[in-house]
Amino acid sequence: MKGLTFTLRAEPEERLDLLALTPDRLDGMSVAEIARLRIGTSRKPASVGDLFKIAGKDASRIVFDGGSAHFDGIGAGMSSGMVYVAGDAGAQAGRKMRGGAIVIEGRCGTHAGSCMAGGRLEIRGNSGDCLGGPLAGEMLGMAGGVLVVRGRAGDYAGDRMRRGVIAILKGCGDYAGSRMIAGSVAVRGKVGAMPGYLMKRGSLLFDRRPEALSPTFIDCGRTDIAFSGLFDRYLIEDGILDKPLLGRRPGKYGGDTAVLGKGEILFRMGG
Amino acid sequence: MSVAWVGSQAVFLSDAIQHAAKLLASSRCPVISFDADVHGTRSVIALAEKLGAAYDHIRGRELLNEVALFTSHGGMFTTPGEVRRRADLIILVGDLPASHHELILSWASAQPDLAGKQSRRWFHLEGGEAVSGGKDAEGELSRQVKAVILSAEAASLGTAVALLRAELAGRRTATPITNLDSLKKALAEADFPVFVFSGNTEEPTSLAMLQGLVADLNRSKRASSLFLPSDDAAWGAVLTSVWMTGFPPRTGFPNGAPVYDPERWDIQRMLRDKEADLHLWISPGDEIPAKQGRIPLVALAHTASPVAGAAVTISIAAPGIDHDCVAYSSRTGTFRATRASAPSDRPAIAGIVRQLAQALPSGEAESC
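Chains A and B, in that order, are what the protein sequence lines are. Just so you know, we're using this note's numbering here: the first sequence kicks off at 1 and counts up by one. Just so you know, we're using this note's numbering here: the second sequence kicks off at 1 and counts up by one.
In short, the hints are calculated from the structure, not lab data.
Under the rule of at most 16 Å between Cα atoms (straight-line distance), these lysine to aspartate or glutamate pairs were calculated in the EDC-like manner:
1) B:Lys274 with A:Glu13
2) B:Lys146 with B:Glu102
3) A:Lys44 with B:Glu49
4) B:Lys274 with A:Glu11
5) A:Lys252 with A:Asp219
6) A:Lys170 with A:Glu122
Derived, one-sided and incomplete: chain B residues facing chain A with beta-carbon distance under 8 Å:
7) Thr159
8) Leu163
9) Thr205
10) Met209
11) Tyr260
Covered stretches of chain B, as calculated for chain A (at least 3 residues, CB under 8 Å):
12) 26-34
13) 171-184
All C-beta atoms in this analysis are idealised placements derived from N, C-alpha and C, irrespective of residue type, glycine included.
Model the full structure from these sequences, guided by the hints.
Structure follows, in C-alpha cells:
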C-alpha cells in the first residue's frame, strides 16, 4: 500500500501546526476527514485540503512532498511509523516523539527534537537553536532517541538533555550541551563558545579542542578509555559518520565545576 | 490640533478609528507592538484576544532574557525594601542600568536597621566586556559604594559568575578570581547576603548560573537576589501580561486561547518573514515605527504629525506626562500611581484601543 502523501500546492502564507499529521493520529482516518483537519494558525486558518493534495492510504508512512519553514510540529508526539519531508521544516519538528523515524531533507527551525524520548530524527540540512531542548517553562530536555543533524546546529544544542544521542556533522553554535544532565552530544566541525555551561553530567564529544571554554572546565589530559572507541564504532556502524570522531586516546576536560562537575568533554587530539 | 490621520490626511478621530478597525478586521494575521502603562497594556491584550492577534513589547528582544530567567530557570528573589533594611552584604553583579544607580546609592547612605550588625559590606562582580551603561558609570558606582571588586582575567560576566560559584563550592577552576578570600569571609559573617543583578542580554545563561549560586548558599544560610529590570515600564507590561493571560509578551491567540512562544510571536521576525499582514504599533515614546515592506502600518504614537508610511496615525498621550498612570517601580518592587507632569487633552492609549475594539465588526473580530 502506498504511503500517505501530502503534496504541497503552494507556499503557505501562515504558520502551520502539523501536530495532527502523524502516523498515530491519522491511523484509521479517511482522506476526506484528513482534508478537513485545520492546520493554519492565522485568523483565516487553512485546512489540510486547502494546502495539500492527498494521495495514498498507508498512514504509517507519511510523505510531505515539498516542505516549508512554516511547517511547525512535524511528527510531534509520534510513537511509530515514518515521516519524510522532501524540503524544509519549521519549529519543533519531532518534539516529544517517542518512537518511529523522521527524515527532513532540508533545514529545520528551532527546538527540533525538543524533549524527544525515543525514535530517530534525521535532519539533512541545518537546524535552528535549542536542538532537543525544552520549551519555556519545561524542566527537562531530550530524554532518549537519536537525533542527527547533517548540517550545522544553532546555539544551545542539547540544552537540558538527560538521555539519548545527538550527532551534529557541520559544527554548532554557542552553549552546546548547556545544563546537560546526561546523554551524549557528538559534534564534527567548529563548536561555538561555552560548550557545557552548567552541565552536571553527560558527554560532549568533539573532533577538535573547543576554543572558548569556561574556566570551570578542568584539563584532564589524554584519556585511554574504551568508551571513545566504542562510541566511534557506533557512529560508523549507524551510518552517522564514515570516520572515527574521537580516535584513540582523546583529550578530556571535566566540568562544569560550577555545578556538579561530573560532565566531560572528550575531543580528538593529534599524534 | 489634529490627532488623527488617514495616510497624510487629517481626519476626525472617529473616522481614523473606523478605518483602522476595518484594516484590523480584514487582516489575516495582525500583530501588535506596544509600550504602554498598565491600563494601556490591559486594553492592548484584550484587543489582541478579540482579534486573535499576537502581541509583543517594543523592547521584546531585551525583555526576552529577563523573562527567560523566570520561565526557564526560576530563582530566589527578594524586594528592594528587604535589601535596604536587612541586607548586610550586597554583591552587585555585572553592569546595572544607570536608572537604578540612584536606588543603589540610597542603600549605601543608610544602614540596614533590621540587620544584626547595622552595617553593610559591598562587593562588585565584574564581567570583562562592557555592555550598555558603560564601564565608567559602573566603576563610579563601585567607588561610591566602596565595593570590593571581584573579577577574573579576560572573563565575561557569565564566566565570572561560573568561577565564583565553583570557588564558593570549593571546586577547582582554571582561573583565579580576585578578592575571593574577602568575599568568603564576608559571606561567613553576613546574616543576609543579597546579589543585585539586571538582565544580561549578552549572556542570558549567566542569570541561571547566578541563581544556582544563590541556591547553593541557601544550603547553609539565608541568601537571596534582587532583580532590577533593564526598563521599569517594560517590566510593568510583562507583569500585566502575566496576570491577564498567564504569559509574558510574545503571546498570541491562534485558537482563542493564549499561547506563549518567544520565537513564533517575535513580531519583528513575523514582519520580516511576511507572516504578519498588518502591524499595529502603539507607543508613546520617541521611537517612530518603520513601515516594513508592503505590510500596512497603523501607528498610535505620541506625535503631532502623521507617521510616514502609516495607513492610519492616531496621536496618543504619554502616560505619566499627559495623564496620570499606574506603572512599575523598581524602587518599591511593585506598581505605583504616577501623577501627570504636563497634563494634556491627548487621548490615552487605553481609550483609543478600547474604541478600536468596539469598532471591530463583531462577526469578523472573533478569534478563530
